[in-house]
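Engineer: One letter stands for each residue in the lines below.
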Amino acid sequence: MAESFKFDLVSPEKLLLSEDVEQVTVPGTEGDFAVMAKHAPFMTTVRPGVVTAKLAGGSEQKIFVRGGFADVAEGGLTLLAEHATPLDEFDAASLDSDISTAEETLSKAEDDDLRFEQEQTLAQLRDARTQLSR
Amino acid sequence: MASLKDLRNRISSVKSTQKITKAMQMVAAAKLRRAEEAAQAARPYADRMASVLANISGAAGTDAPKLMTGTGKEDTHLLVVFTADRGLCGGFNASIVKLARQRQRQLEADGKTVKFFVVGKKGYDLMRRDLSSKIVARDDFRDVKSVGFDEADRIGSSVIDMFNAGDFDVCTIFYAAFENVITQTPTARRIIPATIESEGGEDEASGADVGDTYEYEPEPASILQALIPRNIKVQILSALLENAASEQGARMSAMDNATRNAGDMIDKLSISYNRQRQAQITTELVEIISGAEAL
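Top line first, the protein sequences correspond to chains B and F. Counting in numbering that gives the first Met the number 0, the final residue of the first sequence is number 133, and the numbers go up one at a time with none missing. Counting in numbering that gives the first Met the number 0, the final residue of the second sequence is number 294, and the numbers go up one at a time with none missing.
I should point out that these hints are in silico values taken from the structure, not numbers from a laboratory. Check the hints yourself; a few may be wrong.
Claimed, not checked - Here's a subset of chain B near chain F, in silico, CB distances under 8 angstroms, partners left out:
{"hint": "1", "residue": "A33"}
{"hint": "2", "residue": "K37"}
{"hint": "3", "residue": "M42"}
What the hints assert, rightly or not - Pairs of lysine to aspartate or glutamate residues, derived as DMTMM-like cross-links and limited to a Cα-Cα distance of at most 20 angstroms, are as follows:
{"hint": "4", "chain 1": "B", "residue 1": "K37", "chain 2": "F", "residue 2": "E36"}
{"hint": "5", "chain 1": "B", "residue 1": "K13", "chain 2": "F", "residue 2": "E36"}
{"hint": "6", "chain 1": "B", "residue 1": "K53", "chain 2": "B", "residue 2": "D97"}
The structure displayed is predicted, hence computed values, not measured ones. Beta carbons are placed, not taken as given, at the ideal position from N, Cα and C, and that holds for glycine.
Bound conformation, chain B alone:
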């Protein structure tokens, strides 16, 4: 059995998960990554997607997160999510509405930096959508 470590998932409104886990897969902005015990200190931003936590007991928990930061430190992994919902409670329709708002902002965006940013967000959202419907 793999060594376990502490995983905290917090959103601004509450502490969603604080458990000992064996492995957590996180959708980072620059690619998915998995964290196991004794991972080197590491920090990255998170894109919309599903976080999979393998609990120390063996069961698995999936949570949909939207944006935020992941911080791997000696003490364990801390995920500061903008929005986080357990996958079975998550409503794909809300993601669809996010996509359409993003499309709208994109069509209005004028300067290039902004458009680039919006395009990125949109791509990330669409990505998450396809991942979810699979």
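We have chain B; now place chain F onto it with these hints.
Structural biologist: The following block gives chain F in isolation, referenced to the frame of chain B:
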């Protein structure tokens, strides 16, 4: 001297006022519990955010975004004042506004420019008479059931937009920190430039050690770019939630006092009512007896 009927009316009107204040107190108590829970639920996020920020701020060096380091000037101050949308909560709104005004006078004495961003209807009512020229923005939550991250996001974004437009150099928020039901302390906290507090000395020390070996993806500066606005919004959110709890606490104790005062008043009024009734009866008796004796 008030007549018996007048006294009866007074008593019944005070009684119905007492019923209302008592109901308000109970509603405030129920809301307080919920508000306190919400404030507590938000605390872990704010704490983690602070420690993450303390970790990364060292790594960014000179590339740190302006929101963190400030514009280098301190000429224009934005004071964000959080108040309630409703009254009948004792000195709650007044004490926050008072603190903000003290700060304003002090800053203006030093030759700085002061602007206000007023959140909450009551604060605006209190300030608009003599400060309306200084109020640059306002917001309230009359149509929101319970404040959450969306509201903090809205306020945070407008503050950040104003900062990016160069409207101010330093931003301070004013709110009432919730200590307990009896005590709420008006508090000022600077959010731009960011004050990085790390709680506990040991935390800081271990953070510094790890800082060297930390890996960042993307590079620290661009993480900070995203992290700092987020941190500002989180601080606003925790201020909002504390404020909501404080408001209910203040209302609860104000209404408790009002209920007790109404009780005292009813007691006093009933005593004079009874005395007067007794006096009337005595007078009537005296009249009957002296009438009978005269026969």
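Engineer: Each hint: holds or not?
Structural biologist: Status of each hint after checking the structure:
no.	hint	verdict
1	A33	14 angstroms, violated
2	K37	13 angstroms, violated
3	M42	5 angstroms, holds
4	B:K37 to F:E36	34 angstroms, violated
5	B:K13 to F:E36	10 angstroms, holds
6	B:K53 to B:D97	29 angstroms, violated
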